[in-house]
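Participant: Sequence lines, in order, name chains Y, W, P and L. So that you can map any letter, position 241 of the first sequence is 241 in my numbering, and since no number is skipped, the others follow by simple counting. So that you can map any letter, position 240 of the second sequence is 240 in my numbering, and since no number is skipped, the others follow by simple counting. So that you can map any letter, position 265 of the third sequence is 265 in my numbering, and since no number is skipped, the others follow by simple counting. So that you can map any letter, position 295 of the fourth sequence is 295 in my numbering, and since no number is skipped, the others follow by simple counting.
Quick caveat, the hints were computed from the structure, so don't treat them as lab data. A hint or two may mislead.
A pair holds if it fits inside one copy or across any two, identical chains being indistinguishable in the list.
[What the hints assert, rightly or not] Okay, derived cross-link-like pairs now, DSSO-like style, lysine-lysine, Cα gap no bigger than 30 Å in a straight line:
#1 Lys184 x Lys139
#2 Lys185 x Lys269
#3 Lys163 x Lys290
#4 Lys260 x Lys25
#5 Lys288 x Lys51
#6 Lys290 x Lys51
#7 Lys185 x Lys260
#8 Lys51 x Lys260
#9 Lys30 x Lys60
#10 Lys139 x Lys25
#11 Lys25 x Lys51
#12 Lys25 x Lys288
#13 Lys51 x Lys139
#14 Lys80 x Lys290
4 protein chains.
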Amino acid sequence: MTHINVGVIGASGYTGLELVKMLVKHPNFKLTYLANSEGETTADELHPSLKGVCDLEVQKASVTQASNECELVFLALPHKTAMAYVKPLIANGVKVVDLSADYRLPLYTYEAFYTEHTDVANLEHSVYGLPELFRQELKSAKLVANPGCFPTSAILGLLPFMKYRVEHTPIIVDAKTGVSGAGKKLSETTHFVNVNDNLFAYNPLMHRHAPEIADKLGVDFEEVNFVPHLVPLTRGMISSIYIQVEGDFDEEAVLEEYYKDAPHVRISKVPTTMKDVAGTNFCDIYAKRKGNMLFISSAIDNLMRGASSQAIVNANIMMGLAEDAGIPDIAYVP
Amino acid sequence: MTHINVGVIGASGYTGLELVKMLVKHPNFKLTYLANSEGETTADELHPSLKGVCDLEVQKASVTQASNECELVFLALPHKTAMAYVKPLIANGVKVVDLSADYRLPLYTYEAFYTEHTDVANLEHSVYGLPELFRQELKSAKLVANPGCFPTSAILGLLPFMKYRVEHTPIIVDAKTGVSGAGKKLSETTHFVNVNDNLFAYNPLMHRHAPEIADKLGVDFEEVNFVPHLVPLTRGMISSIYIQVEGDFDEEAVLEEYYKDAPHVRISKVPTTMKDVAGTNFCDIYAKRKGNMLFISSAIDNLMRGASSQAIVNANIMMGLAEDAGIPDIAYVP
Amino acid sequence: MTHINVGVIGASGYTGLELVKMLVKHPNFKLTYLANSEGETTADELHPSLKGVCDLEVQKASVTQASNECELVFLALPHKTAMAYVKPLIANGVKVVDLSADYRLPLYTYEAFYTEHTDVANLEHSVYGLPELFRQELKSAKLVANPGCFPTSAILGLLPFMKYRVEHTPIIVDAKTGVSGAGKKLSETTHFVNVNDNLFAYNPLMHRHAPEIADKLGVDFEEVNFVPHLVPLTRGMISSIYIQVEGDFDEEAVLEEYYKDAPHVRISKVPTTMKDVAGTNFCDIYAKRKGNMLFISSAIDNLMRGASSQAIVNANIMMGLAEDAGIPDIAYVP
Amino acid sequence: MTHINVGVIGASGYTGLELVKMLVKHPNFKLTYLANSEGETTADELHPSLKGVCDLEVQKASVTQASNECELVFLALPHKTAMAYVKPLIANGVKVVDLSADYRLPLYTYEAFYTEHTDVANLEHSVYGLPELFRQELKSAKLVANPGCFPTSAILGLLPFMKYRVEHTPIIVDAKTGVSGAGKKLSETTHFVNVNDNLFAYNPLMHRHAPEIADKLGVDFEEVNFVPHLVPLTRGMISSIYIQVEGDFDEEAVLEEYYKDAPHVRISKVPTTMKDVAGTNFCDIYAKRKGNMLFISSAIDNLMRGASSQAIVNANIMMGLAEDAGIPDIAYVP
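Take these sequences, add in the hints, and give me the full structure.
Facilitator: So this is what it looks like as structure tokens:
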């Protein structure tokens, strides 16, 4: 079988590492181009755990070289930096899965919460890479905006129940994330002593993932109340969601029906746990109703379903491959 | 100065240990009686960290002996076991601070959520030991029902804002607790491997602390939506609270005004963190409003303000002592 | 390609789970038989993280059934229980990889440190499953005694340097292990509160893995000084080893030469870290000399190289397969 | 009773915080001067956990001001920075407890392992602040060099057994420390993701605390083999020590006799644990012999006995106060 050549720009961070880990084992993709902002190193020098697994050279990022060597490129870059690569890559006919926020939002919303957008043309044609919502559109997409981690867990938990929601009542998403979500950057927030034995909310009601959740659910931003919390563990994310519902339904049956064709969503009979999804692309969802209040617990691995494995699922779909090709389903348990 | 003789029944658990740690340093109380269900040991044999600090004999629990040796007794026992001690102790004229759930709820609610109550007479005269709510009543109380940990954090967070709440809208308390809240008992839930790198909700919308929160706030049980989560750390608890509000107010000003005379509540300008209260009786509270949604973060040490140090504050008030006598205010930071 | 049918007896524990996780993805083995002491469940009921991955029925363990359905059986059972299965399985012509201690030691040593041995005949023909020592013998083995986790890390670290060791000087192995090494059993030692923020040695100088280390290195038991410590993390093990050496050598060159044909040993230029081997069969080794003292740091995943993945490597060799067939090499990093 | 005015220069770090926590509760010292390199803040702004406890102004460090306001000053500064303060403070007649390495070693050794020494005169008169070794000299000391954390735990463990040690055989100290030992500085080593679920040795056989251990024990530096390891927890330190011994003795009896007058050393019958000393000035020691090998486990809180509480004990002795005045003995357990 012939392989499809793919590249990763942004090899240094956690999501870059996760991409490499999957791509070197992928049955259909061949990782032929790996780059970061400096180059002059190798995959296993950057990430010692890859020793004996991948010693691919890491290049200084170049659009030309990426375009010559790859049919599809994954961008694991900060927002704003990403769009500077997307524009020429797309112009060169390279398909792109962008893991940044640059192509996830309508222009107006993006500029209100992030920065000026310099690639509006592509923004209009990008597809939001949540397969459960846009599987059809992804098949012909040239540019995929890979969803944020919080929105992935929140939206997947909410979607099946939106038709039972009492309109205009608040949607509350109390999210908990492991520290890898903060990236490799050194900061007070990632110092071990400040995280261990600790827990705290940050950016309450003001986090930039709130408009992304609202936009994809088709509700007003004011209705989404999103508060993330930092938890002393490395990977994983749980969104605890509260909405007011009406009508008769069985929580589990609604979930089973909605996700009956989704290979990467699992319905739980007990509240979801982070560990059961760590290292996989699964989103585990549990729901429980009391009166007109519905509690939903939605768990993902923030680096996988919340970033890199979802990116590869998207690439699989874009390339006409099996949706789960090369996607790990064995969790880091125990 | 003369000391007041006090005792602790239930010396083996975490809250028993915390009581001992404070009582051996207390300026006015003298710990003269320490008991558990078996006796025949000493404080430092039960709790090796007390070596060189307290080698008091641990007795097999006896109401007679406790009544002879103490003016006031702390009960750190499971519910149901506690009431069997309260009845005769009160009859013997001993004052009691009961850390169990036995005297926290109206009879009907107690029996619906716990078990049959066999000491209704005392139940009717017990005072709920949240000083910020019942300081006056505590001064003459003979029996104090020490609040649950979750209700302490939730109620203290909610009280100042109840007058701004839109009536009959849901009160959502998404709580996170360290593992010491589950006690010393061995269970799947406290096995290190099941907790480390993990996080999950338990008893969602059905936990027995929900009616306690509702009762003390004077709202209907159906309006309180309470979901606790277990977090991989030892001590500490944060309630993330969401309510719908109306009217004009400044969040911080409301908190400062409400708690201007409360020595053990601190108002935070940033979201509260568990570590800043660990080892102390402080409740740290932060609030942030967006439109008509109010987010409140209320942090306590579950074993201290959520149990043992609050119990000693209650005893201080019952005995006419300074409210903060013997109460630690130096947090376990870093 | 035809598959080789294999079974696992002992499906409930951590090592049983790890076996299942690898066997369901193995290119040559087919997991046809899965058993524990009770049966009447499925793989994903026992281990919820396997939902959507493996719903194989878990049987009540039966030698007859295992013999009928499998060419090779993995035993993930406690010592003493294991030998009761080994005897009849071997008699039935089934190959066995035993993860217990039952066939690791000479009779005299086994009975001194464990219990009476009831299968001496097979004990004499078992092969110790450390491929780096006994690759040749494993090829024709019918019964493999899978090494203990501590001995695996200690022996692999020591082997290359034994010829430089000053004879009869002490071998010191100060080992650190994650909590999964203690198994799923509930005990004081595995209660989260006792492990988190804590660290302690246990069975110092008296642990049963010391004679196993001594036997395989061919030194007197008295010369091996082994002290394990419990560390607050889930998986991983590092042996910090100290020996007195003589002669001229370059530490790294000795390691590179000794392990030049070992696919699952990696030589480190910096002290080894647990995370870089978590989830893999790698043993990472680092050495540093100062005068006549040599420090060696040897890191493995206690459940993988220390148990289950090494078991599958052994089975691969026994069956004439590629040594690394189905063996994960992608670490749980970050 | 009159108070003794004391100051702390170096208020920002963990040891500075620990000093403040003890000094605000000290029965005889009054904290009148608090400084760091920038000033213009308060104690509770620097350390939010101090809110409601200490709002003392933090000054920009000034020798003149410190000399005017204090009889004794604690320096919680990096080495080299410290000596620049010591010289003028001593010249001004102020007593100093220096928590840095600047006055711990003989000149030659200091300059070999650290940097040029610019205050040799005071170096010659400084007293090494390990009360169990130099209690007598401390009484009249003007300048105390507070010991390093690793040396404190190693030396206290070794001292009682040095007379049984086989001369010139290796002393092995395999130490494990929590992350607070690395200080507040941001670095790869303190990033949560690199520490959590991880463990590794650093500076093996080459750490600067090795010569300090050798010097105070009076043995050759070459005989001390010291390897520290970083453990995923915040505070605490255990030295696992291995020496070769001869002669008949009972391990526990030796310890009990040697430390019979030491209020801050506890002898353990089981291997010591970090948690039992966290938050206190205790050093817990356990010893176990097998043949001529002696294993010693010595546990301290690295920030307390390993730094700040030992500093205050030293100040107590210098000022003729009770040795344990203001010294916490209640551990952070659970």
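Participant: Any hints this thing doesn't respect? Which numbers, in order?
Facilitator: Checked against the structure, the hints that fail are numbers 1, 7 and 12, while the rest are satisfied.
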